[in-house]
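First to last, the protein sequences are chains A and B.
To convert, note that position 33 of the first sequence is 67 in this note's numbering; the numbers rise steadily by one, no gaps.
To convert, note that position 83 of the second sequence is 91 in this note's numbering; the numbers rise steadily by one, no gaps.
No more than 25 Å apart at the CA atoms, straight line, and that leaves these computed lysine-lysine pairs for DSS-like:
(1) A:Lys-95 - B:Lys-143
(2) A:Lys-117 - B:Lys-60
(3) B:Lys-76 - A:Lys-117
(4) B:Lys-143 - A:Lys-106
(5) B:Lys-76 - A:Lys-113
(6) B:Lys-21 - A:Lys-106
(7) A:Lys-117 - B:Lys-13
(8) A:Lys-86 - B:Lys-143
(9) A:Lys-95 - B:Lys-139
(10) A:Lys-86 - B:Lys-193
(11) B:Lys-193 - A:Lys-78
(12) B:Lys-57 - A:Lys-113
(13) B:Lys-74 - A:Lys-100
(14) B:Lys-139 - A:Lys-53
(15) B:Lys-139 - A:Lys-86
(16) B:Lys-143 - A:Lys-83
(17) B:Lys-74 - A:Lys-95
(18) B:Lys-13 - B:Lys-54
(19) A:Lys-117 - B:Lys-54
(20) B:Lys-13 - A:Lys-113
(21) A:Lys-100 - B:Lys-139
(22) A:Lys-83 - A:Lys-66
(23) B:Lys-76 - A:Lys-95
(24) B:Lys-76 - A:Lys-100
(25) A:Lys-117 - B:Lys-57
(26) A:Lys-117 - B:Lys-21
(27) A:Lys-95 - B:Lys-21
(28) B:Lys-139 - B:Lys-13
(29) A:Lys-83 - B:Lys-193
(30) A:Lys-100 - B:Lys-143
(31) B:Lys-21 - A:Lys-100
The set of hints was computed from the structure by calculation and includes no laboratory data.
Owing to the predicted nature of the structure, the values given are computational and were not obtained by experimental measurement.
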Amino acid sequence: MKKSFLFISCEEAKLICDKSQYDEATTWEIVKLRIRLFYCGITKTYSRKNVKLSETIETSKVQCLKAEERDKLQSTLDKELTKQQQN
Amino acid sequence: MPKHKIDPNNWVKLYSDYLFNYTITRVSDREVAQDLISETFLAGLKSMKNFKGEASERTWLVSILKRKIIDHYRKINSNKGKAEVRMNYINDTDSEGDWLEERVADSNVKTAEDTLVNSELGGAIYDCLAKLPEKQADVFKMKTILGYGTETICNELNITASNLWVIIHRARTALAECMEENWFK
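If we strip away everything but chain B, and leave its shape as in the complex, we get (with noise of 0.2 Å):
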């Protein structure tokens, strides 16, 4: 019998948000990170017949946003994709000169560790995440990951500022106990 099932009406509630966090510090746009997780989510239902069962559900979704991400940047590598940027150089006549700039390394760009670091550590915080009351997690990404104001959550949910702060209040001790006892042991 399979440890796990498959559930696609549950994917966006339950996983579109770790997808999101894996693929944006991979690709870092918004835009394409959401293309690449509904292109994962279709070639998941497609290939639903094959999920055994052994991995879990989000494990199994991952290894196919994997090839989407591949399947990506081999897209912009490819002849086409090179030729593009390059017709984009040629076209910015106002900015002749700058070219040379643009192309130096950015000091900025985070290392392929960082990158994977962060994704561990944005995958653990996650996991906290949904060990929460539905309504306390989504307070709390509005809050803390949105970066929403007080004002804004209250009218969206329907609740008061001193309602929103025990929210938060319950997510932070909740999702504090779990990282410490998850990430920082």
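Pulled out of the complex, with its shape left as it was, chain A reads as follows (with noise of 0.2 Å):
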């Protein structure tokens, strides 16, 4: 099927949804979601809950460890534990 220049289908608009989460949706992407969240009720819903998860994450600050952060803390974990099964 030939691919449409304007309409797009609710997969490539979820995809673009995601993408625009983190800013890195282009200007013609989100124009195309626009038009799509225009006619399409699933695409609405997954946009609303999308931005949702995205502001709750927002709000809560959550952190979380580095690859390197979390391997230092596992390798002195290893080190105290080959300890205590020598003694």
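Please assemble the complex out of the two chains, which come individually in their own frames, going by the hints.
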């Protein structure tokens, strides 16, 4: 099927919606998403939930460890575990 | 028979991010938070025999961590700690006169209630993240919480950009559903 210039599939709309949560969607992609949002209930629901998730994470100020920080913790614990097993 | 078992080999993988989020909302310093978690794990190892299995492993580790956080504040509020703070001001002759301003309460300081809500919300997010496949959770954390760029993650995990977006899509869909069920309801 010929790919439409202006009208996108639901899957493509969801992908653009995901990208836009990280400011990685282009202006043209956002235009196409907005057009789809006019007439597609599934995209609308997905978009609403997606935005809500982004806002929740933003509000929570949730943080996590970087890989190297986690590795450091693991190696400290491993050393102690080895010591404990030897005793 | 105990309801829960203990396995320190999985502590970092399963609980380090949860504990880190719990700690950072209370001490606001990445290094201190990591030290406290490390101390918690080591204390947990030493007192493993006291684990009765009535509470979950995570609840038990959090109870140790709480004591570590209290000890940390006790230490920095001790006389020695206060003296060290005073020394810093005395030595800082270049910025003399600024000290009053530095002592004025920061309007951005979070209230205890905000901290508690954020910590609980962070906990709910981690509970939902724990239900995702490991790779999905890792990619989501790198992209959304640590704010890494798409290219960095792709190089780090050796995946393509389109692969990354598929993973992100699955993670976001599952998380939104889980949060709806466990937090917003």
